[in-house]
Amino acid sequence: MSKEAIIKTQNLTKSFGAFTAVDKISFEAMPGEIFGFLGANGAGKTTAMKMLSGLLKPSSGTASVVGFDVFKQSEMIKKNIGYMSQKFSLYDDLTVEENIAFFGGIYGLRGDVLKLAQMELLERLQLMDQSKKLVASLPLGWKQKLSFSVAMIHKPRLVFLDEPTGGVDPITRRQFWEMIYEAAENGVTIFVTTHYMDEAEYCSRVSIMVDGKIAAMDTPRALKEQFGAKNMDEVFYTLARGAKRGE
Amino acid sequence: MKTFLAFVLKEFQHVWRDKRSLFILIAMPVMLMFIFGFALSNEVKNSNIAILCPKPDEEVLSLIEKIDQSKYFTINKMMHNPNEIENYFKQNKGKMVIVFENDFADKLQHDKLANVQLIGDATDPNTATTMIGYAQGIIADYQKSLLGETNLPYAIQVETRMLYNPQLLSAYNFVPGVMALILTLLGTMMTSVSIVKEKEFGSMELLLVSPVKPIMVIFSKALPYALLCFIDVLIILLMARYVLDMPIRGNIFLLLAMSVLFIFTTLSLGLLISNSVDQQQVAMFISLVGLMMPSLIFSGFMFPIENMPKPMQIISNIVPTKWYFEILKSVMVKGLGFSYIWKHTLILVGMTAFFTLVAVRKFKIRLS
Amino acid sequence: MIGIVIKKEFRQIFRNPNILRMMMVMPIIQLIIIPFAADYEIKNIDLAIVNQDNSSYSQRLVQKLVAGNYFQLVEASTDYRTAQESIEKGHADLIITIPHDFEKNIIKENKATISISADAVNGVKAGLGNLYANQIIGQFNAEIREELLVMPRHNEIVNIQTFAQNRYNPHNDYHLFMVPGILALLVTMVGALISTLNIVSEKEKGTIEQINVTPLKKYQFIIGKLTPFWILGMISITIGFIISYVVFGIVSLGGYLSIYLYSGLYLLAVLGIGLLLSTFVDTQQQATLFSFFLMMNFVLLSGLYTAVESMPGWARFLSDLLPPSHFIKVIRSIFIKGSSVVDILPEFGIMAIFAVVLNGLAVMNYRKRA
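Chains as they are written, first to last, in the numbering used here: chain L, 1 to 247; chain H, 1001 to 1368; chain X, 2001 to 2370.
If you're looking for bench data, these hints aren't it; they were derived computationally from the structure.
One or more hints might be untrue.
[As the list claims (entries may be wrong)] Dumping the calculated PhoX-like pairs for lysine-lysine here, alpha-carbon to alpha-carbon at most 20 Å:
id : chain 1 : residue 1 : chain 2 : residue 2
1  : L       : K87       : H       : K1199
2  : L       : K72       : X       : K2218
3  : H       : K1197     : X       : K2218
[Stated by the list, open to error] The following label-pair restraints were derived from C-beta to C-beta distances:
id : chain 1 : residue 1 : chain 2 : residue 2 : range
4  : X       : K2007     : L       : R221      : 42 to 52 Å
5  : L       : D112      : X       : P2017     : 43 to 53 Å
6  : H       : Q1117     : X       : N2134     : 16 to 26 Å
7  : H       : G1137     : X       : R2145     : 18 to 28 Å
8  : H       : A1027     : L       : S59       : 31 to 41 Å
9  : X       : I2231     : L       : R241      : 51 to 61 Å
Bear in mind the structure is a predicted one, so any value in this text is a computation, not a measurement.
Beta carbons: idealized from backbone N, C-alpha and C, even for Gly.
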């Protein structure tokens, strides 16, 4: 594993007409890091994430993700990252197995490699006996876990999680974070946006966006010290109170 | 009641927010009226034809010129060889070939009798028949002009009056037709799809646990579309009157009342569909693919119902569009009063009641 | 890569028997039933006769009018008002009035007048009814003239005889005209709608976003999506051909190779329409509305019922811009006239252009990257 940054941005900006959604953000995320990306609705989180995952072309600045340039090599980036969005995004009308086969296939997994990855995944999630069930019939918590595992099926070095635990019960959330930790320990960088401030505490580093800019960025502990706050909740409110953009 | 109004308001906001749909809902009748009011017609005008004339001399040429000058035909090919006919038709260059016999002029002069063959492309039988009829008319006129002044003895003249539509404008048939078709599909489609959508996304449950009666929830969803359909009726009538210059002869309030009744018929049909299916795609398929052609065909708008075989005539009776279309024609074009359409009205009321009843029953079964 | 998408699509299609059934069964039923109803051969025109002249001539004329295939006598009276009422009620389409002294006028004055009143709300019917009535009256006129004129045919009258021939469809069989056209339209409706809805529903559910962050290229995604529908489309066309033969006894005079080639190309264009539409809209509801608008134009401007020839220039141009107009024209020329690929080569070119332009626009419009 190289010690080089997995994500590296410099003055990355995206404007839509006169509106600057993301305003000159610069940061680095290292291998194995759980990088928390916080911000109120409309602060520019989703736009930033879309740029980094190759979905949206930046207006200016530079950024490299898993060693590729976001301007020119978005297709290469897509091959090497995983992505899971808040909207549950596996196919409801396909079985667990068929979903794995489809997404695995898209990431270039074939034949025995695909079979092996599938077995591993099902075993880890203890979904072996449910593999022929339609995804629609699974409880939401399992769907989310399955969704995360599918996003990791091609063993990417970086995974984007867009509010992954929305609407999930506390126990499942806990299990979900255990999966995240496990992945991070294996050297995968996790880039996660969330609304839950207790989740922010689990991150190795947190960046808080306000009005398109990064207002603060450090470890949760350092942030709490800096703002003299008891928990991340307070840190967030202190920063977000000054926001000009509403929802 | 207050909560019910709140629901209605919410539905209106939904519809209002979707500007793109709103735009189509308003723009569609306008565009369709323009296109069909001016484009659709069953008259043959400037139709391409060919002439096969091995030896075109003056006599023939003057007849050919007469044909070419008529508003019905444009000659786009002069042939010299019968072999060309087949290709002319097969390549869709035109729909009729007029064949003059070899020594047409000679024969006409000496034998006083010459032959012309009219070959129509009867792929479309009516157009072919009509074109042949027009050509015969032109030739008969020409023949008369050769006779000069002489009047035939014992002549029976025919005087024709085209009632209600003296200029034979197609709009008189197409305006009611397009209006009936738009209302049928819009009402059914929009209601069924919007309700099934809530089902598909699970937000239906949310609405059903509210203090409002479930059936009211459903009605509140249909209401904005009822209003939009009514706006479309007004647009169509205004355009018919002022753009297409079509007089509205009957009582305008009767016309509007009937339209409201029919809107409720389509909404109730939409309700029925939405309570029978679970997926938007299925709802859409039923209300678009399932309704479009049958409403078009069985309404009598394109094809006269009395021309159909008996079983088809019977089928046409269960198509609501047919009854509305007949009401529209009677009131709008012929200017007739309620006494002529009470039977139709009763049938539409019956259909609406039937659809609603079945829909409500299905809905209740689903809930329990 | 494309294979993986195709496999997934097929799985989803077969998982949802409702939609599959709808896609196959509904058009089949319509194709079987509608041609029986869509008969435009106007024969049974309901006739009301007002005979105010109780003479042998008027009797003969009435008999002649009723004897043919065209008219069906629904009322005979001596009062025009009663006849007019039956038009208002929709019982009669045409009134023929034979006035008082009809016979006397012919013989004494050399001239008599018959009046025809037609319910012209349906212009076609009125026009044809009038045409038929004129023909019959003309024949009757010729008959009595020959009887009354003592001398044999006077030779100084020149005569141009016309012979009509209805080529390709000598019995004016309306099924022959309608079946291929209806088949074409049904295939178009189903093809365009299903491909639009399929993609829009992925948009609505959000799965398309997931696809967008994968390395799957957009052309791969689109080809993978369209291929299954193309195959299903070809199957339904085949079923349509079988129905045409079994139910209506219609076979393609121009053989099946050329029609299959053209259909394949046409389906590409139709799926392109669906694809393009899906890039414009966000919800299935919008998709339905847009397709409804398109379908109305397809049905009414494509020449299925009303001849494109009789439209004004701008409408003909509009009609030419719609792929179904071309398909209907081509399927009719191949089936009924037996046109060969060479005969309709330009049409192949036009459809190829449609397919390329529509799909090209759709791919350009379908953005994986804004």
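So, going through the hints one by one against the coordinates:
1. A distance of roughly 18 Å separates the Cα atoms of K87 (chain L) and K1199 (chain H); the hinted pair therefore holds under the 20 Å criterion.
2. With a C-alpha separation of about 17 Å, the suggested pairing of K72 (chain L) with K2218 (chain X) holds against the 20 Å cut-off.
3. Proposed proximity of K1197 (chain H) and K2218 (chain X) is contradicted: the alpha carbons are some 28 Å apart, above 20 Å.
4. A beta carbon spacing of about 49 Å between K2007 (chain X) and R221 (chain L) agrees with the range 42 to 52 Å that was offered as a hint.
5. Look at D112 (chain L) against P2017 (chain X): about 33 Å separates their beta carbons, and that is not inside 43 to 53 Å.
6. A hinted range of 16 to 26 Å for the beta carbons of Q1117 (chain H) and N2134 (chain X) is consistent with their spacing of about 22 Å.
7. Checked against the hint of 18 to 28 Å, the pair G1137 (chain H) and R2145 (chain X) passes, with Cβ atoms roughly 20 Å apart.
8. Between A1027 (chain H) and S59 (chain L) the beta carbon distance is about 35 Å. The supplied range of 31 to 41 Å therefore holds.
9. Checked against the hint of 51 to 61 Å, the C-beta distance between I2231 (chain X) and R241 (chain L) comes to roughly 59 Å, which is consistent with it.
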